[in-house]
Amino acid sequence: MLFNSLQYLVFLPTVFLLFWLTPHRFRVPLLLVASYVFYMSWRPIYGLLIFGLTLANFLIVPFIEKATEQKRKKVILGFTVALNLIVLAIFKYAYFTMDAVKATLGVVGVDWKEPHLHIILPLGISFFVFEFIHYAIEVYRGKPVVKNFLDFALFPSFFPTQIAGPIKRYQDFVPQLHIPVKFKWEYVDEGMQLILMGLAKKVLIADNLALVVQAGFAHPEQFSSLDMWLITYAFAFQIFFDFAGYTDIARGSSLLFGYKVPINFNLPYIASNVSDFWRRWHISLSTWLRDYLFIPLGGSRGSKWLTNRNLFITMALGGLWHGAAFHYLAWGAYQGIVLILHREYEAVMQKIGIHEKLLKSKVYHWASVVFTFHVVCIGWVFFRADDMKICGAVLSKLFEAPTALLNFSASQLAILQIRDPIIFPALVLILPVLMVSTFVINWLNDKKFYQSPPWAVQVTVMVALMCLLTIFTPDSSPRFIYFQF
Amino acid sequence: MGILRSKFFISVALFAAVSSLLAMTKLGNIAPTDYPIKTWTGWAVDEFLSDKQGRPQFVFMGSSLMLVPVAGVDADYLNRPIDGSRHHNSQYFEDQFQQKTGQKVKTFNFGLPGEMPSDAFLITKFLLKGEKRPDVIVYGVGPRDFMDSLLPSPAATDPYQCLSRFGDVTSHRHLIAPEWDQRLNFELAQLVYPYGHKLDMSVSAERAVTAAINELLPKPQTNKPFTISDRRRLFPSYKQTEIAANEAFFRPTTPETRTFDNANLKEYKKRYAHLNWRTYCHQMKFLADLMNTARERGTQVILISMPITDINRDLLEKGTWDSYKKCLKVLAQSKDATFIDLGDSKQFALNDFMDTVHLHSGGGMKLLDIIAERAATDRRVLSALDPTNSHIAGLKGGQL
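Here the protein sequences come in this chain order: E and U. For the first sequence, position 359 (counting from the first letter as 1) is numbered 359 according to the working numbering, and the numbering increases by one without interruption. Throughout, the working numbering is defined as the position within the second sequence, counted from one, plus 485.
This is chain E alone, in the form it adopts within the complex (with noise of 0.2 Å):
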C-alpha cells in the first residue's frame, strides 16, 4: 500500500476513527492489527518475517539485561545482532553476494552456476533491521528492556514509519504509547499540513523531476556536460523530495494518532561543509549509524588514521545499506573520503589559525555552502546511476564542464531541444527555484510568522495543495526511492 494510493487515502482514515473510537487499552492492539494489514497488502507472507524477528528480538534481548557477566551480556548482543544482520543479508544481499563470489571466481577461470534463489526485497527491511539492533545495543548500554510484547511489536511494525523510516528509537517511541493522550483538532491540522506537504513534495516535484533524470541516467551519450550538470542537480531535488516527502506523510500520518516520530532533514543543500550535510540529511539514518556504528569502531577516540578508518567503514556500509550493488558501495566510500578530506581541511586550517576568521566570512560561507553542494551532487552520480558504467560516463561528462562553459552557447544544451515533455527546458527555470526557495525557507526559520503562519496562510495554502494534488496527481505514480532499501 502506497502512501499516494487510493488504498492509503481510505485506510489512515478508517485506522484514524477507530483509533480514536477506541479505548486508550485497546489502542496498541488497533494500530498493530492496523500495521500488519498495511505491510500485509503487498505480500501477506512477510507479515511473518517482521513478526519472526519482532519475537526473536522480544525473547533475546531480555537476556542481555539479565546476564550479569560483562561477556555474556556481549555474547548474547552479538549473536542478536548477527541474526538480525543475517536475515537482512540473506534477503538483502544474497544475489549481491553471489555475483561478487561468481566475478571473483571468474577471474581465477572457474565458471561457478549460481543457484536462483527467487527472493524478494521484504519492504523495509532495513529499516525494522536497524531498528531492532539498536534496540539491543540499547539495552546492551543499559537501557530497560521493552516488557510488553504488542508495545515492541508496534514499534518496528508501526505503519507510517515500517517502509522507509524515520529509523524511531525505542525510548522516544514506546513511552508516547503509554500516555493517555486526548483528542486534538490540533493533531489533524498540523498532521494533514504535513501529509498535504510530502505529497505536493513527492507528486508536484520529484516525479516531474523523475523524468529527466531517468532520461539523462539511462542515455548519458544524449546529452552535453552541462545538460548532465542540470540532470545531476535535477536528480539531488528529485531525491530529497522524494524522500523527504516520504517523511512528511509518515510524520504527518503519525502525528494523526498524538505520536511524534523523528525530522529525518534538515535543509540540506545549505550545508556548508560534507560533516554539516550528514547532520542535515536522513538525519535518522546518520546518527544510527554515528551511534551504532561509528562509536563502536572507536569513533574520533583513537589515532588520525584510526579516526578516519572508522569513518571511511561507517560511510562505505552506510551505502551498502541502501542497496545491494557496487554503484551504492561507492557512493558510501565516496561519502567517506569527503568526510576524511573535510577533517583534514579544517585540521590544516585550524593549525594555520585562519579557520575561525574564514567562518566569519560571508563569502567564505556561501563558497562552501555551493562547493558543498557540487560535492554532495558528484556522490548522487554513484547513487542514482544504475551500474559503475553509467556512472564512469555521467562523471565523466560532468568533468567535462569547463571545456564546455568556455565554449557556452544555448545549443549545447540538449534540454532546450525536447519540448515535450516540457519539464525539460523547465528545468533551467525550475532548479534556480528550487535552490532559492531553501535559502528563503532557512531564513524563515527562525521567523515567528513562518514559525506559527496566519490562520488564513495555513488554509489557503492547504486548499492550494488540495487543488493541485487533485489535478496533478497522475493515476500511477513511482514508488518512493527509499521503499527500494
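Source of the hints: derived by calculation from the structure; they are not laboratory data. Keep in mind that a hint or two might mislead.
As the list claims (entries may be wrong) - If you anchor each label on the Cβ, the simulated ranges turn out as follows: (1) Cys377/E with Tyr723/U: 22 to 32 Å; (2) Ala690/U with Asn442/E: 24 to 34 Å; (3) Leu117/E with Ser634/U: 24 to 34 Å; (4) Cys377/E with Leu499/U: 37 to 47 Å; (5) Glu616/U with Gln222/E: 42 to 52 Å; (6) Asp111/E with Asn836/U: 40 to 50 Å; (7) Asp536/U with Cys377/E: 51 to 61 Å.
Claimed, not checked - Straight-line Cα separation of at most 25 Å, SDA-like style, residue types lysine to any residue; simulated pairs: (8) Lys724/U with Asp386/E; (9) Lys683/U with Ile423/E; (10) Lys184/E with Ile488/U; (11) Lys810/U with Asn747/U; (12) Lys704/U with Gln222/E; (13) Lys724/U with Pro474/E; (14) Lys704/U with Ala401/E; (15) Lys182/E with Ile495/U; (16) Lys704/U with Arg419/E; (17) Lys184/E with Ile495/U.
Just so it is clear, CB atoms sit at the ideal spot from N, CA and C, and this is done for glycine as well.
Guided by the hints, dock chain U onto chain E, whose structure is given.
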C-alpha cells in the same frame, strides 16, 4: 477546538467550494476530441468524425484480430504501405461487396489494438449515431476479448480512456469499475470535479506552461532537431500508447514473405490463466448492450467469432471455449444479429495466420471474402443497407 475551528476541515469545505466553482465555470475543460495523446483510438476517432469521412455504411470493429488483417489486406490489394494511423477503410471489402451486389458502400475500420467489447460498446453508443450511424456493424470477437485476466478493469484500456470522454458512462459504472477501489475512484471522479476532470485541467495547465516556456526560452536552432523517435529512445515509458503519423505501417506481403511466429503464446497463457468469470460476464453484457444500442438505431450487427489457431484455443481452460461459443450464438440469435462462426472453422488453416491468433493478409483476404459473401446474401444486412427501407430511413439524419 471544535471541528468548525479546525483548519483542515475549513480547508476541505473551501476545497469543496472551489471544486463547485470550477464545475460551474468549466475552467480548463478541453473538447473530447482534444485527447492529449494521439493513440490508435485518437487517430481513428478523429478521422471518423472528420467532415471528409461522411457516413460509412459498414463499420468494422474488434481488436487487433480485426485491425491487422483488414489493414494488411489493403496493403496487399493496393500494393503500397498503409499508414495505420490514417488508413481507416477497407478498399478490398468495398470492391468485393460492390462486385457481389453492385452497391457502392463506404467502410470504416474501427479495429483497435486491445479493443474490448466495453470499448466497442462506447464506440457504438457515443460515435455510431446520427449523421455517422452506419447501416451495418461488423464486429469480430475472440476469446481474449472476454477472458483477459491481465486486464484490471474495462477502464484500463487506451480506447476507454479516449472514448469515455464522449459521453456519460455512469449507467455502466458497476461494469466499468467492479472492484471497490476502482469504484471509489470512479465515484470520486464524479463527485469531485477537478479530480474527474484532471486530465483536461492538467493538459490545459501544461499547454499554458509550454506556451510560456516557449516564449521565455525559445528552442535554440540546431541542425539536429529532437524527434519523436529520439524521445521514445530517451524515455520509453512516456506516452507509451502514442502513435505518430507515418510510424505504424502495414506493408504489402506475398505468400512467400508471410511467416508464422508463435512468440505470443506465452502472453496468451498469462491472459487465459485463472479465468475471471466476472470479467467474462461483464464483457458479454457490454456486447449485449452494444447489440441493443445498434438495434435501437436500426443498425444491423454482423457478429463474427474470429478464427484463431488450435494452438491458441488449447490454452483455454476446459469448457470455456464451448461456453464462449454458445454465449455468442445465443446472444446473436436473441439480438437478431447475423452470426458468422469462424472460431474453429476448417476454412482457416495454420498457414493463414501470422501468429497464434492474428490472420495475416492472406488469411485476412479469406475473412473479408467470407464477410462480403455473407453480407451480400443476408436479408437483414441488405435490408439495413436499403435506403428506401422506411423504418431505417426514418432514423437517418441524426434522429438518434
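Right, here's what the structure says about each hint:
no.	hint	verdict
1	Cys377/E with Tyr723/U: 22 to 32 Å	25 Å, holds
2	Ala690/U with Asn442/E: 24 to 34 Å	30 Å, holds
3	Leu117/E with Ser634/U: 24 to 34 Å	28 Å, holds
4	Cys377/E with Leu499/U: 37 to 47 Å	40 Å, holds
5	Glu616/U with Gln222/E: 42 to 52 Å	48 Å, holds
6	Asp111/E with Asn836/U: 40 to 50 Å	43 Å, holds
7	Asp536/U with Cys377/E: 51 to 61 Å	55 Å, holds
8	Lys724/U with Asp386/E	23 Å, holds
9	Lys683/U with Ile423/E	18 Å, holds
10	Lys184/E with Ile488/U	10 Å, holds
11	Lys810/U with Asn747/U	24 Å, holds
12	Lys704/U with Gln222/E	17 Å, holds
13	Lys724/U with Pro474/E	13 Å, holds
14	Lys704/U with Ala401/E	22 Å, holds
15	Lys182/E with Ile495/U	22 Å, holds
16	Lys704/U with Arg419/E	8 Å, holds
17	Lys184/E with Ile495/U	16 Å, holds
In summary, the structure agrees with every hint in the numbered list given earlier.
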